[in-house]
Amino acid sequence: MTPTFDPAAGVVSVVGLTKRFGAVTAVDDLSFSVAPGRVTGFLGPNGAGKTTTLRMILGLATPDAGTVTIGGIRYADRPRPAHHVGAALETASFHPGRSARDHLRVYAPEVGVSDSRCDEVLALVGLTEAAHRRVGGFSLGMRQRLALATTLLGDPQVLLLDEPANGLDPEGIVWLRQFLRYLADQGRTVLVSSHVLSEVQQTVDDVVIIAKGRLVRASSLADLEAHARPAVRLVSPDVDGLARLIAASGWSEVTRFEAPGVAVIEDHHPAQIGAAAFAQGLEVHELSSAGTSLESLFLELTSSAEVAR
Amino acid sequence: MTAALRTEIRKITTTRAWWVNGAVMFAYMLVLAMIMAASFVLSIRSEGSASTGLPGGATLDPESVASSVYTLAVALGYIFPAVLGALVVTSEFRHRTITPTLLAEPRRSLVLTSKLLAVIPFAILVSIAGVLGTVVGGAGTLALMGEPTFLGDPDMVRTIGMSVVALVLWALVGVGFGAVLTNQVAAIVVLLVFTQFVEPLLRILLAQFDATETLSKFLPGAAGEAVAGSSLYVSSGLADLLTAWQGVLVLLGYALVLLVIGRLTTFRRDIG
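Protein chains in written order, with our numbering: chain A, 1 to 309; chain B, 1 to 272.
Next comes chain A alone, as it looks inside the complex (with noise of 0.2 Å):
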């Protein structure tokens, strides 16, 4: 059975949040949006103030200006609040001494679930076998399991996570991804920060981006693919033939040469270059992409903020 969620009630809506501690103002008239169906990155580089800002939608935190709403309302104000909305904050919020089970069957009374619903949380997050096991002797990964299996006691619509891929091997990272993906096709809100957009790009349709508390980029996913060049590297032993061809190709503009018989020609792709020294009957060795990544536009906008500031 799918369940049916109003979407209003999924939107998490943050404007001009604003925190400060001391002389530091780690969050700086922030305001953006999050869409529930879609699974959205909330980015930025340790310190840029993400986790500050997920306190504050919490209610963990009180802002010094701003107000922060999930589906209209603070989340405080909200009744048994883990029930709408799952959030899990650090990875090690628990007591070591309490087995997988127990941790979450303390909760469970708050949350307003069964016990047996922690079984089936438990099963979601494949910790079955480790249920009875003390948390104390969990790996990261593990931790990471419980921890969301945590958020989704209540079946929430909204799920906040932060780092939720910290500690998780790559099966992990696999299976998370298309966690997430599940429930977000199934109407959920969905956000995950990272501090790496590496991680997170094969799985979000959304970024909001921050750099020193402020928004340096909200949009889609693909919208800021966009902005990424395309660049190829090509080398080839026939240092002339190359040079000829970038020549006759009216490339010289975009060319560099990192040495000779090694040219790096931006905005194209390296189909194009192919065919072009395809034609030439240019002997290649190496063809590849050497466009800006999605992950250096990333590390250059979070960096220029920190220039204009």
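Calculated directly from the structure, the hints in this document are not laboratory data. Mixed in with the good hints, there may be bad ones.
[Unchecked claim] Here's a subset of chain B near chain A, in silico, CB distances under 7 Å, partners left out:
{"id": "1", "residue": "7"}
{"id": "2", "residue": "10"}
{"id": "3", "residue": "11"}
{"id": "4", "residue": "15"}
{"id": "5", "residue": "45"}
{"id": "6", "residue": "47"}
{"id": "7", "residue": "95"}
{"id": "8", "residue": "96"}
{"id": "9", "residue": "100"}
{"id": "10", "residue": "103"}
{"id": "11", "residue": "104"}
{"id": "12", "residue": "105"}
{"id": "13", "residue": "106"}
{"id": "14", "residue": "109"}
{"id": "15", "residue": "186"}
[To be verified] A few chain B residues that face chain A, going by a derived Cβ cut-off under 8 Å, partial list only:
{"id": "16", "residue": "3"}
{"id": "17", "residue": "14"}
{"id": "18", "residue": "16"}
{"id": "19", "residue": "23"}
{"id": "20", "residue": "91"}
{"id": "21", "residue": "102"}
{"id": "22", "residue": "184"}
{"id": "23", "residue": "203"}
{"id": "24", "residue": "266"}
{"id": "25", "residue": "270"}
{"id": "26", "residue": "271"}
Just so it is clear, CB atoms sit at the ideal spot from N, CA and C, and this is done for glycine as well.
Dock chain B against chain A, hints included.
Below, chain B without anything else, positioned relative to chain A:
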């Protein structure tokens, strides 16, 4: 309210701290009562009266020996329920589980109140364990040495029962203290230093002067002994006590004031 209370009770039952606390208190009180009972009896036999070893050369009669031994938990063991109560708050900060706690229930006053109520049944069990230790160790030793145990005396039974009440009140004071000082190690150290060193010293010092003697009755340890209605200090003529119900009010007052301070500081700040 019931949901928050059930959550808080489960937090205690799913960890070992509470019954380890009770077990250690029982063992400690058992041994302490045996040693004290034996040394009082031997002291009476050699000198005709028991020397308390306290300043003033106070002495004890056999009934006072028994009541002093049976109230050892209130006089010297209240650190156990106090720590039990403090841990209910401090362990949340130590393991950072305060974050999921406040996510599940953002109403912070309700969380704190639930913690206070949830600790009561466990405090009763721990306190019974402690008092049982003094009674088993004390009465056993007295009986073995051929001394009267006074266990059939209704007044003695009342004193023993009220010792449990006093210790449970100490657990509530502990919850308040933990809410004020959330660093677990610091909270335990301060509780230990205050209860085992500062307060006993204060009581002896304050009792020396007429102007401050009244004040010493309102110290939390003295209030606890007032609830039980007897103690080593009183038997040795060192101090007067409040009445039992006054003692209850004073301890409840300490708990309440600490809880309010904790609510206005720790539980008002940003968490994490």
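Verification of the hints:
1. 7: Holds - the Cβ of residue 7 of chain B comes within 7 Å of chain A, reaching about 5 Å at its closest.
2. 10: 5 Å, holds
3. 11: 5 Å, holds
4. 15: This hint holds: residue 15 of chain B lies near chain A, its Cβ roughly 5 Å from the closest one there, short of 7 Å.
5. 45: 48 Å, violated
6. 47: Residue 47 of chain B check fails; min Cβ-Cβ to chain A is 50 Å, beyond 7 Å.
7. 95: 5 Å, holds
8. 96: 5 Å, holds
9. 100: This interface hint holds because 5 Å falls under the 7 Å limit.
10. 103: Result: holds, 6 Å to nearest chain A Cβ.
11. 104: 4 Å, holds
12. 105: 5 Å, holds
13. 106: 4 Å, holds
14. 109: With Cβ-Cβ at 12 Å, over 7 Å, it is violated.
15. 186: 19 Å, violated
16. 3: 4 Å, holds
17. 14: Residue 14 of chain B check passes; min Cβ-Cβ to chain A is 4 Å, inside 8 Å.
18. 16: Hint holds; residue 16 of chain B Cβ to chain A Cβ min 6 Å, cut 8 Å.
19. 23: 16 Å, violated
20. 91: Because about 7 Å separates residue 91 of chain B from the closest Cβ in chain A, which is inside the 8 Å limit, the hint holds.
21. 102: 6 Å, holds
22. 184: 12 Å, violated
23. 203: 37 Å, violated
24. 266: Violated: closest Cβ of chain A sits about 13 Å from residue 266 of chain B, beyond 8 Å.
25. 270: Status holds, d = 4 Å.
26. 271: 5 Å, holds
When the structure is compared with the earlier hints, violations turn up for hints 5, 6, 14, 15, 19, 22, 23 and 24 and for no others.
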